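Line by line, the protein sequences give chains A and B. Going letter by letter, the first sequence gives residues 1 to 311 in this note's numbering. Going letter by letter, the second sequence gives residues 1 to 311 in this note's numbering.
Simulated from the structure, these hints should not be mistaken for laboratory data. Don't take every hint at face value.
[Unchecked claim] Take a look, some chain B residues computed to stay more than 12 Å from chain A by CB distance: (1) G213; (2) T288; (3) E301.
[Said to hold, decoys possible] Okay, the calculated bits of chain A under chain B, using three or more residues with CB under 8 Å as the criterion: (4) 65 to 79; (5) 111 to 117; (6) 138 to 144.
Values in this document were obtained by computation on a predicted structure and should not be read as measured data. No residue lacks a Cβ here, since even glycine has one placed at the ideal position from N, Cα and C.
Protein chains: 2
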Amino acid sequence: MMKNNIPYPIYFDSISEHLNAFLSEREFSKIVILTDTNTSEKCLPNLSMSIDRIANCDIIEIDAGEASKNIDICTGIWSMMNDFHMDRHSLLVNLGGGMVCDIGGFAASTYMRGISFIHIPTSLLAMVDASIGGKNAVDLNSLKNMIGTFAEPEAVFIAPEFLDTLPERERLSGYAEILKHGLICDAAYWETALGHMGMGNKAMLPIIERSVGIKSRIVAGDPEEAGPRKLLNFGHTVGHAIESFSLSNDANPLLHGEAIAIGMICEAYLSFKKNKLPETQLHRITMTLLDHYPVYAFGEEDFDSLIGLMR
Amino acid sequence: MMKNNIPYPIYFDSISEHLNAFLSEREFSKIVILTDTNTSEKCLPNLSMSIDRIANCDIIEIDAGEASKNIDICTGIWSMMNDFHMDRHSLLVNLGGGMVCDIGGFAASTYMRGISFIHIPTSLLAMVDASIGGKNAVDLNSLKNMIGTFAEPEAVFIAPEFLDTLPERERLSGYAEILKHGLICDAAYWETALGHMGMGNKAMLPIIERSVGIKSRIVAGDPEEAGPRKLLNFGHTVGHAIESFSLSNDANPLLHGEAIAIGMICEAYLSFKKNKLPETQLHRITMTLLDHYPVYAFGEEDFDSLIGLMR
Chain A
1 MMKNNIPYPI
11 YFDSISEHLN
21 AFLSEREFSK
31 IVILTDTNTS
41 EKCLPNLSMS
51 IDRIANCDII
61 EIDAGEASKN
71 IDICTGIWSM
81 MNDFHMDRHS
91 LLVNLGGGMV
101 CDIGGFAAST
111 YMRGISFIHI
121 PTSLLAMVDA
131 SIGGKNAVDL
141 NSLKNMIGTF
151 AEPEAVFIAP
161 EFLDTLPERE
171 RLSGYAEILK
181 HGLICDAAYW
191 ETALGHMGMG
201 NKAMLPIIER
211 SVGIKSRIVA
221 GDPEEAGPRK
231 LLNFGHTVGH
241 AIESFSLSND
251 ANPLLHGEAI
261 AIGMICEAYL
271 SFKKNKLPET
281 QLHRITMTLL
291 DHYPVYAFGE
301 EDFDSLIGLM
311 R
Chain B
1 MMKNNIPYPI
11 YFDSISEHLN
21 AFLSEREFSK
31 IVILTDTNTS
41 EKCLPNLSMS
51 IDRIANCDII
61 EIDAGEASKN
71 IDICTGIWSM
81 MNDFHMDRHS
91 LLVNLGGGMV
101 CDIGGFAAST
111 YMRGISFIHI
121 PTSLLAMVDA
131 SIGGKNAVDL
141 NSLKNMIGTF
151 AEPEAVFIAP
161 EFLDTLPERE
171 RLSGYAEILK
181 HGLICDAAYW
191 ETALGHMGMG
201 NKAMLPIIER
211 SVGIKSRIVA
221 GDPEEAGPRK
231 LLNFGHTVGH
241 AIESFSLSND
251 ANPLLHGEAI
261 AIGMICEAYL
271 SFKKNKLPET
281 QLHRITMTLL
291 DHYPVYAFGE
301 EDFDSLIGLM
311 R
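So here's chain A without its partners, still in its complex pose (with noise of 0.2 Å):
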């Protein structure tokens, strides 16, 4: 267990003994998972196998993707939650990457005017990000996060080997985080972390409690965003409205990690723009993103579309 600044535990590896002590511990009246189509094929079957208590689970499973984050997935969810007879006292399990941490932190934060609920983060982002510092959303149209709260879990479980279920691009995408969190805060954790790059996915737990323990310090200290929790939204104000354009637009989506190492060039340039930023350092910002991280073209005719995104 991590010791951090947030006043819920944060358990790394060894996923199945921590988590049976956890549900030994409290007595909830029932407990349902919410999955997605991928993580209840890639994921749960190795829970279940190791977790009496989750092998006889309920399960809500939702489309994978970012697409499924909307009201009205969510008003299924919820539907379900009380067709399961989901109480007060209930527990809901989220299994997934950050589209399923997000909705499923918000649907657990409302229903019945807010249940327990746990992230079981299977993506490198939502192990580094979605899973830490109690923002829960959904989508309103292509309005990312416009909906939600802030409702801690009562535990985040973080298991590395989940990660050798995602596919390169989705591991890629998470790391856009775990670089951000360098670049706003720790210059020599930067270096290290590109050097991790290539490496297995082992060789990820530490870079991963790193990152996890840098978001938290910084959530801690301002859980409902009223002013230091905004450095985390570095790259997020034309990463969000750059990731919105393209899920709207394109056949094959931006990833969040891909839009948001776009947004993350373009505010280092506004930073040098400003003098805020010296040009070697934008340089080497923008040739490591670029080097990872695919290009992204728009044309004259989108700038009004992206500028009121960003609004």
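Using the hints, position chain B against chain A.
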């Protein structure tokens, strides 16, 4: 302003003075009013005449009636909030009865993960109940208040003159909650409240203040309903089920307070059966409530669905 134990002010009477002062003190980026088709006709013109800032606001109007308290209407409210460019520093003014306060509180407390809102309750029920205590919710299909948040308004403004706009049936419905306050914690107040039932709206102010005081005190000791706040649910387990049943079966469904009056009779009977309430008191409660509230008939074939709703 009322001295109470809850962390936001409740202003009685002289609404334009108090509201003007409140809006001048705080710098909101945008103020939007949520009304329903009744209050936009009967209450808003009055406010707009005396308060400049209200006169210039954007307005979101929803259909009057409990049936509007659902997630689809809420999605419409969120979209309009976004269309009106509301941001985290904006204010939603809920001008209406319990339905408007409940859905408006939920919409505001989840828009961008929560923005400021105030309640201006226009029905007796909303003045003494829905606007106090930080519970916000919408219904899920026919299940009352299944989806919601605990989130407190910045302030509540209670203006008894709005009671003049209410049909007598609505006023009586609200009175059921006042009688409940007497039953759950103050026998003398039950008698006082009964004595005021036939009086005009001007004479209601001390009764409203007293009921708000009782509810505030209970809520302040237990904001998230871990224990003592459940006292306020007297009549509501049975009453909510009957209200839901009526809402989906009747062309002219029971009002909330009418259903709660029936619920109080049923729950008082249970209390008598468990030897916790003397027969004379059961008799007095039953006769008094039957004197003022309608009888509602069920067939044996309805028992299953009622019991399902109670669960």
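Going down the list of hints, with the structure as the test:
1. G213: 24 Å, holds
2. T288: Nearest chain A Cβ is 32 Å from T288 of chain B, so the label holds.
3. E301: Per Cβ check, E301 of chain B is outside 12 Å of chain A; nearest 23 Å; holds.
4. 65 to 79: holds (count 4)
5. 111 to 117: holds (count 4)
6. 138 to 144: Our answer is that it holds, as 3 residues pass the Cβ test (under 8 Å) against chain B, meeting three.
Consistency note: the structure conflicts with none of the earlier hints.
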